[in-house]
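Undergrad: Each chain, letter by letter, is given below.
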Amino acid sequence: MERLRILLVDDEEDLVSAMAERLALRGFQVQTATRAAEALGHLDENPFDVLILDVKMPGISGLSLMAEMKRKHPHLPVILFTGHGSVADAEQGMQEGAFDYLMKPIDVEELIEKIRSAAGSKKGADP
Amino acid sequence: MIGADVSHEVRNVLSVIGEYAGLLDDLVGLADKGRPLDHAKLRNLSTNIAKQVRRGTETMERFSRFAHAADEPLASFDLVALVENMVALVQRRAALAGCRVQAEFSPPAIPVRGDPFALQHLVFSAIQAMLESLEKEEPIRVKVARRGPEAVLCVSGPAAGGEPSGRISEQLSAAVDKCRASLETSLADGVLSLVFTIPIQ
Numbered sequence: 002m003e004r005l006r007i008l009l010v011d012d013e014e015d016l017v018s019a020m021a022e023r024l025a026l027r028g029f030q031v032q033t034a035t036r037a038a039e040a041l042g043h044l045d046e047n048p049f050d051v052l053i054l055d056v057k058m059p060g061i062s063g064l065s066l067m068a069e070m071k072r073k074h075p076h077l078p079v080i081l082f083t084g085h086g087s088v089a090d091a092e093q094g095m096q097e098g099a100f101d102y103l104m105k106p107i108d109v110e111e112l113i114e115k116i117r118s119a120a121g122s123k124k125g126a127d128p
Numbered sequence: 029m030i031g032a033d034v035s036h037e038v039r040n041v042l043s044v045i046g047e048y049a050g051l052l053d054d055l056v057g058l059a060d061k062g063r064p065l066d067h068a069k070l071r072n073l074s075t076n077i078a079k080q081v082r083r084g085t086e087t088m089e090r091f092s093r094f095a096h097a098a099d100e101p102l103a104s105f106d107l108v109a110l111v112e113n114m115v116a117l118v119q120r121r122a123a124l125a126g127c128r129v130q131a132e133f134s135p136p137a138i139p140v141r142g143d144p145f146a147l148q149h150l151v152f153s154a155i156q157a158m159l160e161s162l163e164k165e166e167p168i169r170v171k172v173a174r175r176g177p178e179a180v181l182c183v184s185g186p187a188a189g190g191e192p193s194g195r196i197s198e199q200l201s202a203a204v205d206k207c208r209a210s211l212e213t214s215l216a217d218g219v220l221s222l223v224f225t226i227p228i229q
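These protein sequence lines are chains A and B, in that order. For the first sequence, this note's numbering assigns the number 2 to the initial residue and increments by one for each residue that follows. For the second sequence, this note's numbering assigns the number 29 to the initial residue and increments by one for each residue that follows.
There's no promise every hint is true.
[Unchecked claim] Here are the simulated DMTMM-like pairs of lysine to aspartate or glutamate, each with C-alpha atoms no more than 20 Å apart in a straight line: (1) LYS206/B with GLU100/B; (2) LYS57/A with GLU92/A; (3) LYS57/A with GLU160/B; (4) LYS57/A with ASP33/B; (5) LYS105/A with ASP33/B; (6) LYS79/B with GLU22/A; (7) LYS69/B with GLU14/A; (8) LYS171/B with GLU112/B; (9) LYS57/A with ASP101/A; (10) LYS79/B with GLU13/A; (11) LYS79/B with ASP12/A; (12) LYS105/A with ASP53/B.
[Unchecked claim] A partial selection of chain B residues facing chain A, derived with a Cβ cut-off under 10 Å: (13) GLU37; (14) ARG39; (15) GLU47; (16) ASP54; (17) LEU58; (18) LYS79; (19) ALA125; (20) CYS127; (21) GLU165.
Since the hints were made in silico from the structure, they are not lab data. Where is the CB? At the ideal position from N, CA and C, for every residue including glycine.
When you get a sec, could you build the whole thing from the sequences and use the hints?
TA: What follows is the structure in structure tokens.
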């Protein structure tokens with residue numbers, strides 16, 4: 002079975018490294034970025050099935066970053082992480098094309114379920 | 029706003045600890061299935077969890093100092109410690125704005141008799157005004173020093189195309205009045221400076 006390729010973007014370095022390892026243990030191929038420019042670089046160089054993105058990134062909002070990524074890869078499904086008590090940012094992200102969102106702290110099994118649904122939606126959307 | 033920032037920071041800390049706990053659980057689960065436990069990895073995870081606990085504790089201690097400043101409208105306190113605490117509390121906000129706040133001062137203490145919460149509000153408002161107005165990536169510098177019977181707090185940073193300092197002065201006027209302080213703004217060589225003179229008694 003083909004391993005799903007995930008790009009995980011969050012400015013919390015410890016969070017992305019631990020989560021990437023947990024996803025890798027479950028058979029996913031994960032690349033990480035803690036800065037917007039790094040994430041855009043990965044996206045230019047490699048194909049991904051799902052993008053996981055924090056709505057709050059240093060210097061740029063996660064939603065602006067998502068918009069930039071969506072311009073280049075319109076069919077790439079995006080799952081947003083939000084650390085805020087309010088879901089307003091994530092709901093705005095949904096209106097702007099995110100596939101789904103999760104509130105931190107993240108339940109890894111719930112994340113995996115959403116990753117699989119998101120990857121399935123991409124397969125349906127790919128030309 | 030500080031409360032929201034701290035809540036965000038603590039949630040991040042808990043998320044990281046949650047991921048490390050989950051990873052430990054994953055590794056133990058694999059060990060149950062026969063994969064040998066990597067002791068160096070376990071030690072590393074334990075160190076990382078302790079680091080996050082320290083981070084969360086420090087954030088909560090700083091927030092506690094911030095919140096307790098509201099206990100008494102007139103108190104004796106160290107202005108240097110108060111400003112240092114505020115600079116630490118706004119770092120996450122600054123990072124999200126693509127900037128950082130650099131404290132350029134050190135002890136000795138500057139003992140002040142005044143309203144500590146109002147002064148915290150003044151420091152926060154000044155940094156927030158700069159974050160909203162200035163070129164990003166360059167640091168905002170915060171200095172505090174004693175000058176005779178007064179203290180001088182200076183918040184400065186690179187102005188974006190001649191930031192209208194009059195607008196910032198107006199924005200900060202209520203916070204300045206509440207501290208019985210005065211504010212002078214200047215723009216020189218592309219650097220906007222907000223200089224507050226604060227009575228120490």
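Undergrad: Work down the list of hints and note, for each, if the structure agrees.
TA: Hint-by-hint comparison with the structure:
no., hint, result
1, LYS206/B with GLU100/B, "holds, 15 Å"
2, LYS57/A with GLU92/A, "holds, 14 Å"
3, LYS57/A with GLU160/B, "holds, 17 Å"
4, LYS57/A with ASP33/B, "holds, 12 Å"
5, LYS105/A with ASP33/B, "holds, 15 Å"
6, LYS79/B with GLU22/A, "holds, 19 Å"
7, LYS69/B with GLU14/A, "holds, 17 Å"
8, LYS171/B with GLU112/B, "holds, 10 Å"
9, LYS57/A with ASP101/A, "holds, 16 Å"
10, LYS79/B with GLU13/A, "holds, 13 Å"
11, LYS79/B with ASP12/A, "holds, 17 Å"
12, LYS105/A with ASP53/B, "holds, 19 Å"
13, GLU37, "holds, 9 Å"
14, ARG39, "holds, 5 Å"
15, GLU47, "holds, 4 Å"
16, ASP54, "holds, 5 Å"
17, LEU58, "holds, 7 Å"
18, LYS79, "holds, 8 Å"
19, ALA125, "holds, 7 Å"
20, CYS127, "holds, 8 Å"
21, GLU165, "holds, 8 Å"
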